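Undergrad: These are the residues of each chain, in order.
Protein chains: 2
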Amino acid sequence: MNTEKLAEAIYHSNPLDSERAGQSAIEGIVDYLAVSYQTKSEKEMMTLKQIVLEQGGNPTGYLIGSHLHATRSQAALFNGFQAHLLDYDDVHSDVRGHPSAVILSALFAVGEPEMHGKRFLAAYVVGVEIMARLGEAMNPTHYLKGWHSTATLGVIAAAGAVAYLRKYSPRLIAETMSLAATQSAGLRLQFGTVIKPLHVGIAAKNAVESADWIGMGMHSNPDFLTGFFEVYAETNVPDLTVNWGKTWRIVTPGLWFKQYPFCSAAAHGADAAAFLHQTYGLTDQDIESVRICFPPDGDSALIHHDPETGEEGRFSIEYIVWLALTGKPLSFASFESKPIPPSWRASLQKVNRITDATIKPSKEALPKGRFTIVTVTATNGNVLSKRIDTPKGSPGNPLTKSQLKTKLLHAIGDEARAEQLIEAVHSLPISTLGVFQEADCKS
Amino acid sequence: MNTEKLAEAIYHSNPLDSERAGQSAIEGIVDYLAVSYQTKSEKEMMTLKQIVLEQGGNPTGYLIGSHLHATRSQAALFNGFQAHLLDYDDVHSDVRGHPSAVILSALFAVGEPEMHGKRFLAAYVVGVEIMARLGEAMNPTHYLKGWHSTATLGVIAAAGAVAYLRKYSPRLIAETMSLAATQSAGLRLQFGTVIKPLHVGIAAKNAVESADWIGMGMHSNPDFLTGFFEVYAETNVPDLTVNWGKTWRIVTPGLWFKQYPFCSAAAHGADAAAFLHQTYGLTDQDIESVRICFPPDGDSALIHHDPETGEEGRFSIEYIVWLALTGKPLSFASFESKPIPPSWRASLQKVNRITDATIKPSKEALPKGRFTIVTVTATNGNVLSKRIDTPKGSPGNPLTKSQLKTKLLHAIGDEARAEQLIEAVHSLPISTLGVFQEADCKS
Numbered sequence: 421m422n423t424e425k426l427a428e429a430i431y432h433s434n435p436l437d438s439e440r441a442g443q444s445a446i447e448g449i450v451d452y453l454a455v456s457y458q459t460k461s462e463k464e465m466m467t468l469k470q471i472v473l474e475q476g477g478n479p480t481g482y483l484i485g486s487h488l489h490a491t492r493s494q495a496a497l498f499n500g501f502q503a504h505l506l507d508y509d510d511v512h513s514d515v516r517g518h519p520s521a522v523i524l525s526a527l528f529a530v531g532e533p534e535m536h537g538k539r540f541l542a543a544y545v546v547g548v549e550i551m552a553r554l555g556e557a558m559n560p561t562h563y564l565k566g567w568h569s570t571a572t573l574g575v576i577a578a579a580g581a582v583a584y585l586r587k588y589s590p591r592l593i594a595e596t597m598s599l600a601a602t603q604s605a606g607l608r609l610q611f612g613t614v615i616k617p618l619h620v621g622i623a624a625k626n627a628v629e630s631a632d633w634i635g636m637g638m639h640s641n642p643d644f645l646t647g648f649f650e651v652y653a654e655t656n657v658p659d660l661t662v663n664w665g666k667t668w669r670i671v672t673p674g675l676w677f678k679q680y681p682f683c684s685a686a687a688h689g690a691d692a693a694a695f696l697h698q699t700y701g702l703t704d705q706d707i708e709s710v711r712i713c714f715p716p717d718g719d720s721a722l723i724h725h726d727p728e729t730g731e732e733g734r735f736s737i738e739y740i741v742w743l744a745l746t747g748k749p750l751s752f753a754s755f756e757s758k759p760i761p762p763s764w765r766a767s768l769q770k771v772n773r774i775t776d777a778t779i780k781p782s783k784e785a786l787p788k789g790r791f792t793i794v795t796v797t798a799t800n801g802n803v804l805s806k807r808i809d810t811p812k813g814s815p816g817n818p819l820t821k822s823q824l825k826t827k828l829l830h831a832i833g834d835e836a837r838a839e840q841l842i843e844a845v846h847s848l849p850i851s852t853l854g855v856f857q858e859a860d861c862k863s
Numbered sequence: 421m422n423t424e425k426l427a428e429a430i431y432h433s434n435p436l437d438s439e440r441a442g443q444s445a446i447e448g449i450v451d452y453l454a455v456s457y458q459t460k461s462e463k464e465m466m467t468l469k470q471i472v473l474e475q476g477g478n479p480t481g482y483l484i485g486s487h488l489h490a491t492r493s494q495a496a497l498f499n500g501f502q503a504h505l506l507d508y509d510d511v512h513s514d515v516r517g518h519p520s521a522v523i524l525s526a527l528f529a530v531g532e533p534e535m536h537g538k539r540f541l542a543a544y545v546v547g548v549e550i551m552a553r554l555g556e557a558m559n560p561t562h563y564l565k566g567w568h569s570t571a572t573l574g575v576i577a578a579a580g581a582v583a584y585l586r587k588y589s590p591r592l593i594a595e596t597m598s599l600a601a602t603q604s605a606g607l608r609l610q611f612g613t614v615i616k617p618l619h620v621g622i623a624a625k626n627a628v629e630s631a632d633w634i635g636m637g638m639h640s641n642p643d644f645l646t647g648f649f650e651v652y653a654e655t656n657v658p659d660l661t662v663n664w665g666k667t668w669r670i671v672t673p674g675l676w677f678k679q680y681p682f683c684s685a686a687a688h689g690a691d692a693a694a695f696l697h698q699t700y701g702l703t704d705q706d707i708e709s710v711r712i713c714f715p716p717d718g719d720s721a722l723i724h725h726d727p728e729t730g731e732e733g734r735f736s737i738e739y740i741v742w743l744a745l746t747g748k749p750l751s752f753a754s755f756e757s758k759p760i761p762p763s764w765r766a767s768l769q770k771v772n773r774i775t776d777a778t779i780k781p782s783k784e785a786l787p788k789g790r791f792t793i794v795t796v797t798a799t800n801g802n803v804l805s806k807r808i809d810t811p812k813g814s815p816g817n818p819l820t821k822s823q824l825k826t827k828l829l830h831a832i833g834d835e836a837r838a839e840q841l842i843e844a845v846h847s848l849p850i851s852t853l854g855v856f857q858e859a860d861c862k863s
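These protein sequences, in sequence, are chains A and B.
Position 51 (the first sequence) corresponds to 471 in the working numbering; numbering is contiguous.
Position 376 (the second sequence) corresponds to 796 in the working numbering; numbering is contiguous.
Keep in mind that the hints were calculated from the coordinates and are not lab data.
Some hints could be false.
Same chains, same label: a pair holds when it works inside one copy or across any pair of copies.
Unchecked claim - Computed list of lysine to any residue pairs in SDA-like fashion (alpha-carbon distance at most 20 Å, straight line):
1) Lys565 - Thr646
2) Lys783 - Asn478
3) Lys460 - Ala798
4) Lys469 - Met636
5) Lys806 - Pro590
6) Lys463 - Gly635
7) Lys469 - Gly635
8) Lys565 - Ala653
9) Lys463 - Met636
10) Lys806 - Gly747
11) Lys425 - Lys821
12) Lys565 - Asn656
13) Lys666 - Lys770
14) Lys783 - Gly665
15) Lys469 - Pro479
16) Lys666 - Leu592
17) Lys565 - Glu650
18) Lys565 - Val651
19) Lys463 - Thr799
Quick caveat, the model's predicted, so the values are computed rather than measured.
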């Protein structure tokens, strides 16, 4: 019943009736391309290419930023892994995770060269809508239990998006999402390893295969939402279609594009620490101790208190705040899989985190209820403090168009090519998808 | 800690030191081949072949019973789907599910033509051991919550078996099982659809890919058991290695080979009903009402009270008991995906099921605690009743060697070929795996 209603709503969606939804989708694709191209020199991408090449297969899907084609399944795996590898991709507060890395990776993998780009944009908006509504209904229970929502909810949303792209009937949309739901997986205990981005690739792959296999004649139980909610969130399913299409969640509250390649739960703290560094010119020697204050559960994604590697550091508020406070760059090099220098790790002992339920979050805060306060006790006895409610990049404080373009340019390193890609995204309704491949990339 | 201990135990296993373990493994392979070959004329196998052929890829893995090769991933998907398609494959009471369909499907998919068969048999024994110990520790909670244990636990066990087969280090065995665990999925709400056997194929595929990808340089969090148990069974991990290798669970309690292609939870009831039919010569007209009595939760896998199709009928004690009571065949034709005749469905209204916690299970019962009592009130007022504690095929009442051979012969329909396969399984330590393919199968 509830699944049928959702599938009907998806089937009848016309999100591009809203110009803002189309605009948000375009921005989302530009950011997705930036984070994907940014991985070019990462050795993990070579491992994944070897996996794909060793399997072989009929080249029907697009690998973003590569000259290679691969099967649709492999393309989705590759695109999803790539888009989330640096933890630099967009976040949606309703999801408690990353929508575009899964949804766009699946959509690009199944995109046909001559496909009508408007349908592509619309499918992306619909996918984000499904994922945001699932996240809203199932979280925080689902996430706090140990699930990696990006993967667990993303696989269903991406499957729904692909089914919508292909104009499946409501029945087959439901069956596709059901087959995705029964493959929904991904544990947060993998955070800080390369399996976190692999989850995203696997989710995109499973979404594509769900759509392919239902399209080829497999049949699942179309009525899956009740059972899925019971097992994954121990709750009843609400009506997921209330006000469907009135506003789109890709617009309100909107996507959060990252400035830095680490977990978005650390973005408030990073901005607060950077402010303190810039304002007071702090160095390592000036700092006696640091206290970082969150609302309850506000730091639950930040699982590493004493990270051993830069990769683990992506989930360590201690590490990130220390870097920013002392003026070290929040660049990709700081978050690689190599060991953190012992002297830096020793300094992290000065940093503590607390949660405080008595502090009222700002009404403007996004994600709702979030804030971070960084308080430094200096060696000279001064106490310096900064609170952030809407970090740069979050929907309350978005990247400008020019900043988004800079992000893409930085990833590609070639202004003409960056311009070409941005233009292609804007003209997606009439362009072909092949433009997002790299003819000149030989690996 | 607990994962490390398990990985060490797996690494150091020498199960063929026990002759009975080797013998049980051989019987398990014969039964696996019988249930796989039995699917030959099933249309769903054609759909899966089309999926594999459409993807294409380097032919490195074996498709059992076909002349085709495919990628290892596809071979595992195909083999697992095939082995569980008719719900005719073996059951293990500790697992609350089907071990061989997942484990052997993965092992056959990665088997190399010149691989030493002893290692293959040993890996199978080790896989069943992992799955049985996981099942024992996590059930009934895990299963009753809605998980399809065959898939959710099978993927981890099969991954461990493949890692053992390839002589991975303890560290990489743990990482392989961890990557499998973070893909663990499969909801019981798909029971009665073709997605149930697809779960098994997907689990075998994900196991193979976990082993392949860890082998190619991906790294997971090797310490996964604590988190996995919390999320999937809400319990702490016990020591899974107590008395490891003293007896093997493939021997004690042992595998249950099925006589009929339906859920094993219905086997007691089917034997009881068949006894009543044979003893009293019952027909449709003789029966006023039927009561079927289980211990609490003994019928939880039998989710269909009023099945619409034979496929749903595999999970309907009402349907199965009615067939057996009235002398209709418990054959494959009765459990196909076509509609059940309306007159038959009308008769099912006479059948009710109850559970009774006051009835003591027999000490010999296997699975432990199980029984079924079928009580018929005849139209002439007589009350006829039969209780079964150990149905035919279960470890307490096993198929004889000759019955197992008949099962394979029935599946293959060619005595010489059946003999050849049985001989090949017995000489597996020196044979090559290619013999399990069908050179003469053109589809």
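Undergrad: Look at each hint and say if it fits the structure.
TA: Taking the hints in turn, this is what the structure says about them:
For the homomeric pair Lys565 and Thr646, the shortest alpha-carbon distances inside one copy (18 Å) and between copies (13 Å) are both at most 20 Å. Taking identical chains as interchangeable, the C-alpha atoms of Lys783 and Asn478 are never at most 20 Å apart, the minima being 52 Å within one chain and 56 Å between chains. In this homomeric assembly, Lys460 and Ala798 never come within 20 Å of each other (Cα to Cα): the closest approach is 41 Å inside a single copy and 76 Å across copies. For the homomeric pair Lys469 and Met636, the shortest alpha-carbon distance between copies (11 Å) is at most 20 Å, but the shortest distance inside one copy (27 Å) is not.
Taking the shortest alpha-carbon separations for Lys806 and Pro590, neither the intra-copy value of 50 Å nor the inter-copy value of 47 Å comes in at or below 20 Å. Taking the shortest Cα distances, Lys463 and Gly635 sit within 20 Å of each other only across copies (16 Å), while inside one copy they are farther apart (35 Å). Taking the shortest alpha-carbon separations for Lys469 and Gly635, only the inter-copy value of 14 Å comes in at or below 20 Å, while the best intra-copy value is 27 Å. When the C-alpha separation of Lys565 and Ala653 is checked against a cutoff of 20 Å, the pair qualifies both within a copy, at 8 Å, and between copies, at 12 Å.
Taking identical chains as interchangeable, the C-alpha atoms of Lys463 and Met636 lie at most 20 Å apart only when they sit on different chains, with a minimum of 12 Å there against 36 Å within one chain. With identical chains, the CA atoms of Lys806 and Gly747 are at most 20 Å apart within one copy only, with a shortest distance of 16 Å there and 80 Å across copies. For a Cα distance limit of 20 Å, the shortest separation of Lys425 from Lys821 qualifies neither inside one copy, at 37 Å, nor across copies, at 53 Å. Proximity of Lys565 and Asn656 under a CA criterion of 20 Å is satisfied in both settings, with 16 Å inside one chain copy and 14 Å between copies.
For the identical chains of this complex, Lys666 and Lys770 are neighbours neither inside a copy (49 Å) nor across copies (51 Å), given an alpha-carbon limit of 20 Å. In this homomeric assembly, Lys783 and Gly665 never come within 20 Å of each other (Cα to Cα): the closest approach is 25 Å inside a single copy and 61 Å across copies. Proximity of Lys469 to Pro479 under the C-alpha cut-off of 20 Å is found in both arrangements, the shortest distances being 14 Å within a copy and 18 Å between copies. In this homomeric assembly, Lys666 and Leu592 never come within 20 Å of each other (Cα to Cα): the closest approach is 24 Å inside a single copy and 50 Å across copies.
In this homomeric assembly, Lys565 and Glu650 come within 20 Å of each other (Cα to Cα) both inside a single copy, at 13 Å, and across copies, at 8 Å. With identical chains, the CA atoms of Lys565 and Val651 are at most 20 Å apart both within one copy (11 Å) and between copies (6 Å). Proximity of Lys463 and Thr799 under a CA criterion of 20 Å is satisfied in neither setting, with 41 Å inside one chain copy and 76 Å between copies.
In the structure shown, a violation is registered for the earlier hints numbered 2, 3, 5, 11, 13, 14, 16 and 19, in ascending order.
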